[in-house]
Amino acid sequence: MTSEAGPMGPMGSDILHVDMDAFFAAVTLLGRPELRGQPVIIGGGPRGVVLSATYEARAYGVHSAMPLARARRLCPSALVLPPERDRYQEVSRRVMAVLRDVTPLVAPLSVDEAFLDVSGARRLFGTPVEIARMIRARVLADEGLTCSVGVAPTMFVAKIASTRCKPDGLLVVPPGDVLAFLHPLPTSALWGVGRATEAALDRLGLRTIGDIADCPLLTLRHALGDAAAQHLHALAHGRDERAVDPDTTEVSVSAEHTLSVDVAEADQLARELLRLSGQVARRLRARGRATRTVGIKIRFADFTTVTRARTLREPTDVSQEIYRTALALFREAGIAGRAVRLVGVRAANLTEAGATGHQLAIDERPAAWSQLDRATDAAGHRFGAGAVAPASLLPRQPPPPRAPKPHNP
Amino acid sequence: MRFRVERDEFTEAVAWTARSLPSRTATAAQQQVLTGLLLDASGPGLVVAAFDYEVAAQAKLEATISEEGRALAPGKMLAEITKQLPAAPVEVWTEGNGLVIACGNARFTLRTMPVEEYPALPPLPPITGYIEGGAFGAAVSQVAVAAGRDDTLPVLTGVRLEIEGDVLTLAATDRYRLAVRTLKWRPESPDAAGVALIPARTLLDTARSLSGGSVEVAIALGTGPSGEALAGFAGNGRQTTTRLVDGQFPPYRKLLPDSCPLIAAVEKAPLLEAVKRVALVAPKTAPVKLAFTEDHLELEAGSNGGEAQASETLPSTYSGPDLAVAFNPAYLQDALNAIDSDQVEFGFASADDAEVAAKKPAILTGKGAGEGEAPDYRYLLMPIQLNG
Numbered sequence: 001m002t003s004e005a006g007p008m009g010p011m012g013s014d015i016l017h018v019d020m021d022a023f024f025a026a027v028t029l030l031g032r033p034e035l036r037g038q039p040v041i042i043g044g045g046p047r048g049v050v051l052s053a054t055y056e057a058r059a060y061g062v063h064s065a066m067p068l069a070r071a072r073r074l075c076p077s078a079l080v081l082p083p084e085r086d087r088y089q090e091v092s093r094r095v096m097a098v099l100r101d102v103t104p105l106v107a108p109l110s111v112d113e114a115f116l117d118v119s120g121a122r123r124l125f126g127t128p129v130e131i132a133r134m135i136r137a138r139v140l141a142d143e144g145l146t147c148s149v150g151v152a153p154t155m156f157v158a159k160i161a162s163t164r165c166k167p168d169g170l171l172v173v174p175p176g177d178v179l180a181f182l183h184p185l186p187t188s189a190l191w192g193v194g195r196a197t198e199a200a201l202d203r204l205g206l207r208t209i210g211d212i213a214d215c216p217l218l219t220l221r222h223a224l225g226d227a228a229a230q231h232l233h234a235l236a237h238g239r240d241e242r243a244v245d246p247d248t249t250e251v252s253v254s255a256e257h258t259l260s261v262d263v264a265e266a267d268q269l270a271r272e273l274l275r276l277s278g279q280v281a282r283r284l285r286a287r288g289r290a291t292r293t294v295g296i297k298i299r300f301a302d303f304t305t306v307t308r309a310r311t312l313r314e315p316t317d318v319s320q321e322i323y324r325t326a327l328a329l330f331r332e333a334g335i336a337g338r339a340v341r342l343v344g345v346r347a348a349n350l351t352e353a354g355a356t357g358h359q360l361a362i363d364e365r366p367a368a369w370s371q372l373d374r375a376t377d378a379a380g381h382r383f384g385a386g387a388v389a390p391a392s393l394l395p396r397q398p399p400p401p402r403a404p405k406p407h408n409p
Numbered sequence: 001m002r003f004r005v006e007r008d009e010f011t012e013a014v015a016w017t018a019r020s021l022p023s024r025t026a027t028a029a030q031q032q033v034l035t036g037l038l039l040d041a042s043g044p045g046l047v048v049a050a051f052d053y054e055v056a057a058q059a060k061l062e063a064t065i066s067e068e069g070r071a072l073a074p075g076k077m078l079a080e081i082t083k084q085l086p087a088a089p090v091e092v093w094t095e096g097n098g099l100v101i102a103c104g105n106a107r108f109t110l111r112t113m114p115v116e117e118y119p120a121l122p123p124l125p126p127i128t129g130y131i132e133g134g135a136f137g138a139a140v141s142q143v144a145v146a147a148g149r150d151d152t153l154p155v156l157t158g159v160r161l162e163i164e165g166d167v168l169t170l171a172a173t174d175r176y177r178l179a180v181r182t183l184k185w186r187p188e189s190p191d192a193a194g195v196a197l198i199p200a201r202t203l204l205d206t207a208r209s210l211s212g213g214s215v216e217v218a219i220a221l222g223t224g225p226s227g228e229a230l231a232g233f234a235g236n237g238r239q240t241t242t243r244l245v246d247g248q249f250p251p252y253r254k255l256l257p258d259s260c261p262l263i264a265a266v267e268k269a270p271l272l273e274a275v276k277r278v279a280l281v282a283p284k285t286a287p288v289k290l291a292f293t294e295d296h297l298e299l300e301a302g303s304n305g306g307e308a309q310a311s312e313t314l315p316s317t318y319s320g321p322d323l324a325v326a327f328n329p330a331y332l333q334d335a336l337n338a339i340d341s342d343q344v345e346f347g348f349a350s351a352d353d354a355e356v357a358a359k360k361p362a363i364l365t366g367k368g369a370g371e372g373e374a375p376d377y378r379y380l381l382m383p384i385q386l387n388g
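Respectively, the protein sequence lines represent chains A and B. Numbered by full-length UniProt numbering, the letters in the first sequence go through residues 1 to 409 in order. Numbered by full-length UniProt numbering, the letters in the second sequence go through residues 1 to 388 in order.
By construction, these hints were calculated from the structure, which means they are not laboratory data. It cannot be assumed that every hint is accurate.
[Stated by the list, open to error] Only pairs whose alpha carbons sit at most 25 Å apart, straight line, appear in this in silico DMTMM-like list of lysine to aspartate or glutamate: (1) B/Lys254 to A/Asp363; (2) B/Lys83 to A/Asp363; (3) B/Lys360 to A/Glu241; (4) B/Lys76 to A/Asp214; (5) B/Lys83 to B/Glu62; (6) B/Lys360 to A/Glu314; (7) B/Lys359 to A/Glu241; (8) B/Lys254 to A/Glu364; (9) B/Lys276 to B/Glu228; (10) B/Lys360 to A/Glu364; (11) B/Lys254 to B/Asp352; (12) B/Lys276 to A/Glu241; (13) B/Lys276 to A/Glu314; (14) B/Lys184 to B/Asp342; (15) B/Lys360 to A/Asp214.
This one's a predicted model, so the numbers in the text were calculated from it and none came from an experiment.
Using the sequences plus the hints, can you model the full thing?
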């Protein structure tokens, strides 16, 4: 399927999302040409899930991340082959090199997909549409592989466009058509809408992206939390302020811990959040990054999971700030008293640390937490991680002495 | 019900009240009547009203009433229709379950909503005093800019209005800046006193709509029919009552010193232009740095290693230690827009320790207050502490 704009291409649709078609399966088939046209599934590994499948297998309802057993039931005739990770990496490197020939502004999302900002490449290579065609032709000629390309003014629309034109397609969404393109699509087409969010939206009667756009922000907030509501609302209106940044391949830093026994006591869970917040903040500081969006993940004893996230008014790498946000999210989630199995803290929306400074508030003294963190990090370097830690993370009971202490009179 | 009104007056009254209609989708089914605009021709004159249980807006206008009565019309639709009416007198009447609007050769019939289900509008509390609309509108604009917009801190989304005899004091803060304005008014009683925390957006909307011409605005603080605290504003045939914001406004007076030990004065208009220019390179909440040296002010934004950098130098009246302080450019622009003076003065907390001065709040005021006289508008701005 190919739908294209005129020869000049639309002004302002400068973002390309390049997505290899059934990448693992297609690469494997390069070495097994006799299997072409047959349903093939790449899978295996300890958890036995589908990693990739040819379009012939997908026709039976097989898709990636599905348990292998289920895929076999859906498509008994499919041949299941083990993944060849080294070859995938190698081909991926060459494909990314093709993309980097066009522009340095390439942000790989994974081995088989990447965003490109081609606004600066027009002079050299022509309109974004022409560039997209050139990339598809080169990948096919050099590697014998097909890819699908979405061309749009923003990253998330480009990604949706590439998904909608798969396989072996090119879909251009000019700026003026973004809303007309988005609004009829189901909510699940939006980035960040998984099954749980889709169900929450469905309960509000919101089935299309257009429904989200028309829904008052307040209603969304109640159903999804602040950060997710803001995010989806902006996307539904076609707004996505992220730029293709080759440096932000690391999109988040997170730490999670499965408790040795299920815990319902709020104080103990708060201490766990404190410890994880400290870990996340330390990793951010080690990388010179700061986070604007702090999230928590709570998995209950029955394996149901809730996540909550909040965007801060300014980026931070301060342990205490991340902890304070995580704790607030935990309290607002209204899950007190339930037995928890796993706790996680996530820092996303990363930026360069130290770029912005800290806005002081009228009811705040210049914070010392940041200095405390630097001192803790320094002590950790000298004496090992955990040399200095918040007092509430010390063991509650002193460990039993190994030998009775000699008693000095 | 049947009445005849001037087209423009009717259109304005409907458009003004329609702004207080609750948004359609946010309204629960049992509150459907609130999406209607009330047309009350029980006389004398016609009252158009909207109410969302928080804010009630009523506009009164002259009308020739030939048959008294009340009707509830779909609000958004009525507002859309009146906007497009031709320039001719408007005749409005009820006909069964319909409301007919005839104007020139145009004729509309709207299905009415059950007017008997419409809640009683809160009456205006007893009037506390009067103020000239233009002055009130300007003062509210100066202060409301500092109010918080974060619904998780509701107290800060209000403007605190305090009455002490013939002095009104308005204050608002979002924790990062604090704007305070004092102005004279005419209280009904010389020892009038009261405090109300009024939703900033409602107050700003109301004050602006009453600021035209030489409108005398009546301010009324009191309680509504079910004992809830209310503030009312009336003038020019328009009347708004609003529920107050619950909670305790932060004690702010102690944050405002009687005088500042170190003052820098800068021409306001050139400074505002310069801030706008250098802020172009400061992403979102990134700071603009102000470096004060003897008689000069250098503005700087962006970073050397970053994407872009900008700087600009202006003359200033300053004699103190070299002082570098960073502010959020949007907050700084808000202050400069709000200050009604050719010159702006930055008051700092220390005359000899530049580091202290760069961490403590700066007090921005206009020039012109006499010796020993506190300026009537003060904007306290918290600096941004730079890392490293």
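Comparing the hints with the structure gives:
no.	hint	result
1	B/Lys254 to A/Asp363	holds, 11 Å
2	B/Lys83 to A/Asp363	violated, 47 Å
3	B/Lys360 to A/Glu241	violated, 34 Å
4	B/Lys76 to A/Asp214	holds, 16 Å
5	B/Lys83 to B/Glu62	holds, 18 Å
6	B/Lys360 to A/Glu314	holds, 19 Å
7	B/Lys359 to A/Glu241	violated, 32 Å
8	B/Lys254 to A/Glu364	holds, 14 Å
9	B/Lys276 to B/Glu228	violated, 44 Å
10	B/Lys360 to A/Glu364	holds, 10 Å
11	B/Lys254 to B/Asp352	holds, 22 Å
12	B/Lys276 to A/Glu241	holds, 21 Å
13	B/Lys276 to A/Glu314	holds, 21 Å
14	B/Lys184 to B/Asp342	holds, 22 Å
15	B/Lys360 to A/Asp214	violated, 44 Å
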